[in-house]
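Assemble the complex: chain A is given as a structure, and chain B must be docked to it using the hints.
2 protein chains.
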Amino acid sequence: MTTFSIAKSRRVRSTPYTSRIEKQGVTAYTVYNHMLLPAAFGSLEDSYHHLKEHVQIWDVAGERQVEITGKDSAKLVQLMTCRDLSKSKDGRCYYCPIIDDQAGLINDPVVLRINQNKWWISIADSDVILFAKGLAIGNKFDVLIKEPNVDIIAVQGPKSFKLMEKIFGVEITKLKFFGFDYFDFKGVKHLIAQSGWSKQGGYEIYVENTKSGLELYDHLFDLGKEFNVKPGCPNLIERIESALLSYGNDMDNNDNPYECGFDKFINLDSDVVFLGKEKLKQIKKDGIKKKLMGVQLDIKSLSLTSSLDIKNDKDEIIGELRSACYSPYFDKVIGIAMMKKPFWDVSLPVKIEVNSNICTGNICDLPFI
Amino acid sequence: MTTFSIAKSRRVRSTPYTSRIEKQGVTAYTVYNHMLLPAAFGSLEDSYHHLKEHVQIWDVAGERQVEITGKDSAKLVQLMTCRDLSKSKDGRCYYCPIIDDQAGLINDPVVLRINQNKWWISIADSDVILFAKGLAIGNKFDVLIKEPNVDIIAVQGPKSFKLMEKIFGVEITKLKFFGFDYFDFKGVKHLIAQSGWSKQGGYEIYVENTKSGLELYDHLFDLGKEFNVKPGCPNLIERIESALLSYGNDMDNNDNPYECGFDKFINLDSDVVFLGKEKLKQIKKDGIKKKLMGVQLDIKSLSLTSSLDIKNDKDEIIGELRSACYSPYFDKVIGIAMMKKPFWDVSLPVKIEVNSNICTGNICDLPFI
Numbered sequence: 001m002t003t004f005s006i007a008k009s010r011r012v013r014s015t016p017y018t019s020r021i022e023k024q025g026v027t028a029y030t031v032y033n034h035m036l037l038p039a040a041f042g043s044l045e046d047s048y049h050h051l052k053e054h055v056q057i058w059d060v061a062g063e064r065q066v067e068i069t070g071k072d073s074a075k076l077v078q079l080m081t082c083r084d085l086s087k088s089k090d091g092r093c094y095y096c097p098i099i100d101d102q103a104g105l106i107n108d109p110v111v112l113r114i115n116q117n118k119w120w121i122s123i124a125d126s127d128v129i130l131f132a133k134g135l136a137i138g139n140k141f142d143v144l145i146k147e148p149n150v151d152i153i154a155v156q157g158p159k160s161f162k163l164m165e166k167i168f169g170v171e172i173t174k175l176k177f178f179g180f181d182y183f184d185f186k187g188v189k190h191l192i193a194q195s196g197w198s199k200q201g202g203y204e205i206y207v208e209n210t211k212s213g214l215e216l217y218d219h220l221f222d223l224g225k226e227f228n229v230k231p232g233c234p235n236l237i238e239r240i241e242s243a244l245l246s247y248g249n250d251m252d253n254n255d256n257p258y259e260c261g262f263d264k265f266i267n268l269d270s271d272v273v274f275l276g277k278e279k280l281k282q283i284k285k286d287g288i289k290k291k292l293m294g295v296q297l298d299i300k301s302l303s304l305t306s307s308l309d310i311k312n313d314k315d316e317i318i319g320e321l322r323s324a325c326y327s328p329y330f331d332k333v334i335g336i337a338m339m340k341k342p343f344w345d346v347s348l349p350v351k352i353e354v355n356s357n358i359c360t361g362n363i364c365d366l367p368f369i
Numbered sequence: 001m002t003t004f005s006i007a008k009s010r011r012v013r014s015t016p017y018t019s020r021i022e023k024q025g026v027t028a029y030t031v032y033n034h035m036l037l038p039a040a041f042g043s044l045e046d047s048y049h050h051l052k053e054h055v056q057i058w059d060v061a062g063e064r065q066v067e068i069t070g071k072d073s074a075k076l077v078q079l080m081t082c083r084d085l086s087k088s089k090d091g092r093c094y095y096c097p098i099i100d101d102q103a104g105l106i107n108d109p110v111v112l113r114i115n116q117n118k119w120w121i122s123i124a125d126s127d128v129i130l131f132a133k134g135l136a137i138g139n140k141f142d143v144l145i146k147e148p149n150v151d152i153i154a155v156q157g158p159k160s161f162k163l164m165e166k167i168f169g170v171e172i173t174k175l176k177f178f179g180f181d182y183f184d185f186k187g188v189k190h191l192i193a194q195s196g197w198s199k200q201g202g203y204e205i206y207v208e209n210t211k212s213g214l215e216l217y218d219h220l221f222d223l224g225k226e227f228n229v230k231p232g233c234p235n236l237i238e239r240i241e242s243a244l245l246s247y248g249n250d251m252d253n254n255d256n257p258y259e260c261g262f263d264k265f266i267n268l269d270s271d272v273v274f275l276g277k278e279k280l281k282q283i284k285k286d287g288i289k290k291k292l293m294g295v296q297l298d299i300k301s302l303s304l305t306s307s308l309d310i311k312n313d314k315d316e317i318i319g320e321l322r323s324a325c326y327s328p329y330f331d332k333v334i335g336i337a338m339m340k341k342p343f344w345d346v347s348l349p350v351k352i353e354v355n356s357n358i359c360t361g362n363i364c365d366l367p368f369i
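For the record, the sequence lines run as chains A and B.
The opening position of the first sequence corresponds to residue 1 in my numbering, with each subsequent residue numbered one higher.
The opening position of the second sequence corresponds to residue 1 in my numbering, with each subsequent residue numbered one higher.
Check the hints yourself; a few may be wrong.
The list treats identical chains as one, so a pair stands whether inside a single copy or across any two.
[As the list claims (entries may be wrong)] Simulated crosslink set (EDC-like; lysine to aspartate or glutamate; CA at most 16 Å straight-line):
| # | residue 1 | residue 2 |
| --- | --- | --- |
| 1 | K75 | D271 |
| 2 | K277 | D263 |
| 3 | K146 | D101 |
| 4 | K146 | D252 |
| 5 | K230 | E171 |
| 6 | K285 | D181 |
| 7 | K140 | D252 |
| 8 | K140 | D345 |
Hints listed in this document are in silico derivations from the structure and should not be mistaken for laboratory results.
So here's chain A without its partners, still in its complex pose (with noise of 0.2 Å):
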């Protein structure tokens, strides 16, 4: 396939660790919340492989902090999103559907509650922070809301308990999944959750002293080596076979939380106040008529740029392919798809149209492994 080469500008803002990672041999960006984010480095299916097995530093600063402060804060924050936030806690991650009136999927961030009255926002790639704006100027709320400066180094992999350790000391590995706190590194703090953006394990660490993180990232690979650690990227593979979903690509704003899957992150028995309540329940009353399903091809490789149709031995059109890639864990094409009712029967025969030749395959569960 032909490349093309990525036109940088303010405008695709660069972040504090580009430099570094241009060194470090990033062959490819994508451009996420206006920034570039790191897409390869070299071979995917290597880097998946390392992944799964060592530890990797990631430049995820393209994963923007939208920060709510003040009285109205927590309405805001609840208003947006269809999860009950009533009896969330400090120092708690929470992912967090963000709908409109109509109940269309806005982003799908993950929440901290850094306390009842400051959160942050940490988006997918749409600006929620002019979605909060609008909101919260049109609600009359007494809040702030900014973009931080906030650039977030993800450390994935399973080795990243034990580099995490040898830095911040035994406390960090008593982090549980989705737990956040303030963590020393040479007289700075850093607020540090145990998250990120693959299924293999690590953390996230939200560098807002700039000087002290471009430190630590180097530190990081210092004190790596021993576990083999190598800079990456959210890995295409890795999270296709672990089904994280990714906001524009699986799902959009013509798509709903119950079609996504997102069905316990919806809670629309409380009394809390959240923009589409009344839309969900007659969707779950009604019944949905799509949703995000896996499909496996049989064939070895394919770059999906855009949606292709799924079609059925009757060349009826069933649903459309959003994201794609070879598993080598099951050695052919694995992919996400929005599936039309009623063709959700896992095992259902399927064929698409790849570069003029028909490939046949399946439809699976979610996730893959």
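Relative to chain A, chain B alone:
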């Protein structure tokens, strides 16, 4: 300079014309409103000269539309911009800074008044649709907000008028600047405006019927041969020389419209209601502390990927260079910079560190030509 490839995906949407421009030799992309925007077809300078003399066809589908319809649509559009739209007319385009309640810029779109109850906001690179949705929900406005299926083809350059006349007849040459109307192409009506992101003149075709748009795209190249038509894209050199500002590059949410020289698009004396009005009155009273100006540098090349500090001869930071390129017209690098008060004297000598070398230059007014 090392180049990096762009990782494509459904999240970074292709346009209906992507396969065509790839056959036609696009070499670089940027991402604009989550969409691929061509950034180069080989040499930027060759393309600049061609644009100034002939005619180019641009795939600028990345200029997405926010469609606002309904009873309160005029009220919502006005709420978002400091420009008085109370005397606006159907069939006209309006360049409108969109600001928040603190007068920080959110976007600088062209607003098309299709009629009093139907507006298109043709946006620069930020999710204005989320701001509009937030405001509409918070204010309980009776509006429908969506991203319609519209992909713009721009026809730019001095010979664009002759080419478009050949296809659409003499009527199209009577369109005034920033006027639009519907024109027939083989039985399909297309909204066409005399506008575009160059100062060379031309048209933007707002394609809703994709099939007809693709046919029209090919037809433009067929009939354009006699005018030396080429594929192109917004040209960095041409846009900087003409001081066509770029949201995200030259200005962002930390800047207000006075600082960007948008004085003529700010109406504080009428009784229209918009966000940030009181704040703008205060800013006008107090005076601004920084503003956008031109910079000329005594060097022959500069690839800017983020801001650079501008210093005076006392080594004080007096401004921030935000966009820059080599200009064949001046035979030196020119750029757009946010300059601190009181360093606004035209001809003020300045210096900038570029790749560990200090280069000198001077401040100047905008536009350059």
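Checked hints:
In the homo-oligomer, the alpha carbons of K75 and D271 lie at most 16 Å apart inside one protomer (13 Å), although the nearest pairing across protomers, at 32 Å, exceeds that limit. Taking identical chains as interchangeable, the C-alpha atoms of K277 and D263 lie at most 16 Å apart only when both belong to the same chain, with a minimum of 13 Å there against 43 Å between chains. In the homo-oligomer, the alpha carbons of K146 and D101 lie at most 16 Å apart only across protomers (13 Å), although the nearest pairing inside one protomer, at 23 Å, exceeds that limit. In this homomeric assembly, K146 and D252 come within 16 Å of each other (Cα to Cα) only across copies, at 13 Å, whereas the closest approach inside a single copy is 24 Å.
In this homomeric assembly, K230 and E171 never come within 16 Å of each other (Cα to Cα): the closest approach is 24 Å inside a single copy and 62 Å across copies. In this assembly of identical chains, K285 and D181 lie within 16 Å of each other by CA distance neither inside one copy nor across copies; the values are 40 Å within and 45 Å between. In this homomeric assembly, K140 and D252 never come within 16 Å of each other (Cα to Cα): the closest approach is 28 Å inside a single copy and 24 Å across copies. With identical chains, the CA atoms of K140 and D345 are never at most 16 Å apart, being 48 Å at best within one copy and 42 Å at best between copies.
Consistency note: the structure conflicts with the earlier hints numbered 5, 6, 7, 8.
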